[in-house]
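Trainee: Sequence:
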Amino acid sequence: MARQIDGIRRMLLIINKIYATNGQYGDSCVSVHELLSYINDHVDAPISERTLQRDINDIEMLFHIEISFDRATNSYRINERFSSREDRLSEMLLNFELLNAVDESPNMRSYILPEHHRAVFSKYMPQLIYAVRNQHTISFQYVLYRHGGEVITKENILPHYIKESNQLWYVLTYDADGYQLKAYGIDRIRNLVVHDTLFERNVDIDVNGMYRDCYGIWNDESLPVEEVILQYDNRDGYFLKAMPLHHTQRVLVDDGKVFKISVHVKITNDFVMALLSRSRSLEVIAPMHLRKRIMDVYREALVRNSVPNDLFNNNNVESNK
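Just so it is clear: in the sequence shown, position 182 is 182 by this note's numbering, and no numbers are missing.
I should point out that these hints are in silico values taken from the structure, not numbers from a laboratory.
There's no promise every hint is true.
[Said to hold, decoys possible] Keeping only pairs whose Cα atoms sit at most 27 angstroms apart, straight-line, the calculated DSSO-like set for lysine-lysine is: (1) K266 x K241; (2) K163 x K182; (3) K241 x K182; (4) K292 x K260; (5) K266 x K163.
[Unchecked claim] With beta-carbon atoms standing in for the labels, derived distance ranges: (6) N74 x Q167: 36 to 46 angstroms; (7) V253 x T153: 45 to 55 angstroms; (8) S279 x S139: 32 to 42 angstroms.
For each residue, glycine too, the CB sits at the ideal point set by N, CA and C.
Use the sequences and the hints to build the structure in full.
Mentor: As structure tokens, this is what we get:
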């Protein structure tokens with residue numbers, strides 16, 4: 001286990017170094033000598049160039065990131081066609097840097113506080129990863145949260161990807177007919193069976209492109225991509241600048257009082273829930289059907305959370321202070 005952890009650490013060091021180095025030609029590349037020196041400065045046991053090449057091969061197999069060697073410059077670079085993974089990779093590398101800091105400075109454990117609001121780990125995750133990697137069909141029972149916990153059975157499913165969204169994990173699959181990619185929440189899967197039957201993976205899927213115009217896991221192909229214009233006060237604006245609502249976010253007004261943005265997304269339930277999570281000063285400028293949808297949610301919530309009038313008289317207010 002220790003050797004496996006050391007190997008993963010070296011792989012992340014390699015990716016981190018290549019991405020962080022601005023090469024002679026303006027791209028991310030690093031010489032063999034510099035890369036080896038960097039790795040050996042950060043590991044207990046120095047490695048050889050042969051081990052470095054083996055780690056690079058493992059990176060492509062495990063992370064699907066292709067690192068090529070340029071003989072003319074004697075350097076390594078990450079191929080451009082993998083740049084769409086950069087956001088996810090940056091998050092992974094940030095977590096790695098934090099873990100490194102904690103590992104190298106034990107006292108740091110007293111000052112770095114991890115998020116406690118996480119989904120319950122699914123016991124099926126290792127089996128699903130195995131099925132995806134080795135192209136095995138699966139069957140399982142699935143709990144429909146939106147239908148009162150009804151349980152349905154899914155047979156001969158072709159798992160293609162594991163995707164994270166809003167701190168939950170999903171397996172992206174095709175049915176046996178291979179018609180449409182579907183997402184199943186791993187927390188809702190029961191009685192998973194990984195079959196010996198193999199399937200041929202669809203290699204023509206642009207899965208990142210499929211979710212580029214979405215927020216969250218929903219990807220309804222029937223929905224159009226719309227321009228959404230939102231307005232907030234200055235205080236909410238600070239948070240939206242620090243963590244943009246969507247990668248298409250564009251600031252229209254930021255004058256110290258009003259913060260107005262536009263995004264181009266499919267208006268799914270996940271997107272509406274994201275708006276409601278920061279709705280203290282939210283005003284939907286466009287489209288009008290989204291404004292009405294938010295208003296309907298507020299109206300229903302107001303009815304559900306109404307308070308008897310006698311609780312608002314002065315005596316009760318004073319006694320509850």
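Trainee: All the hints need checking, so say for each whether the structure fits it.
Mentor: A quick look at each hint next to the structure:
The suggested pairing of K266 with K241 holds, with an alpha-carbon distance near 21 angstroms, which does not exceed 27 angstroms. Distance hint between K163 and K182 is fulfilled; the C-alpha atoms sit about 11 angstroms from each other, no more than 27 angstroms. For a cut-off of 27 angstroms, the pair hint linking K241 to K182 is broken: about 32 angstroms separates their Cα positions. Note on K292 and K260: the hinted pairing holds, with a Cα-Cα distance of about 19 angstroms set against a maximum of 27 angstroms.
For the given pair, K266 sits about 19 angstroms from K163 by alpha-carbon distance, which is consistent with the 27 angstroms threshold. At roughly 43 angstroms, the beta carbons of N74 and Q167 sit within the given window of 36 to 46 angstroms. For the pair V253 and T153, the supplied restraint of 45 to 55 angstroms holds, since their beta-carbon distance comes to about 52 angstroms. For S279 and S139, the hinted distance range of 32 to 42 angstroms is satisfied, since their beta carbons lie about 41 angstroms from each other.
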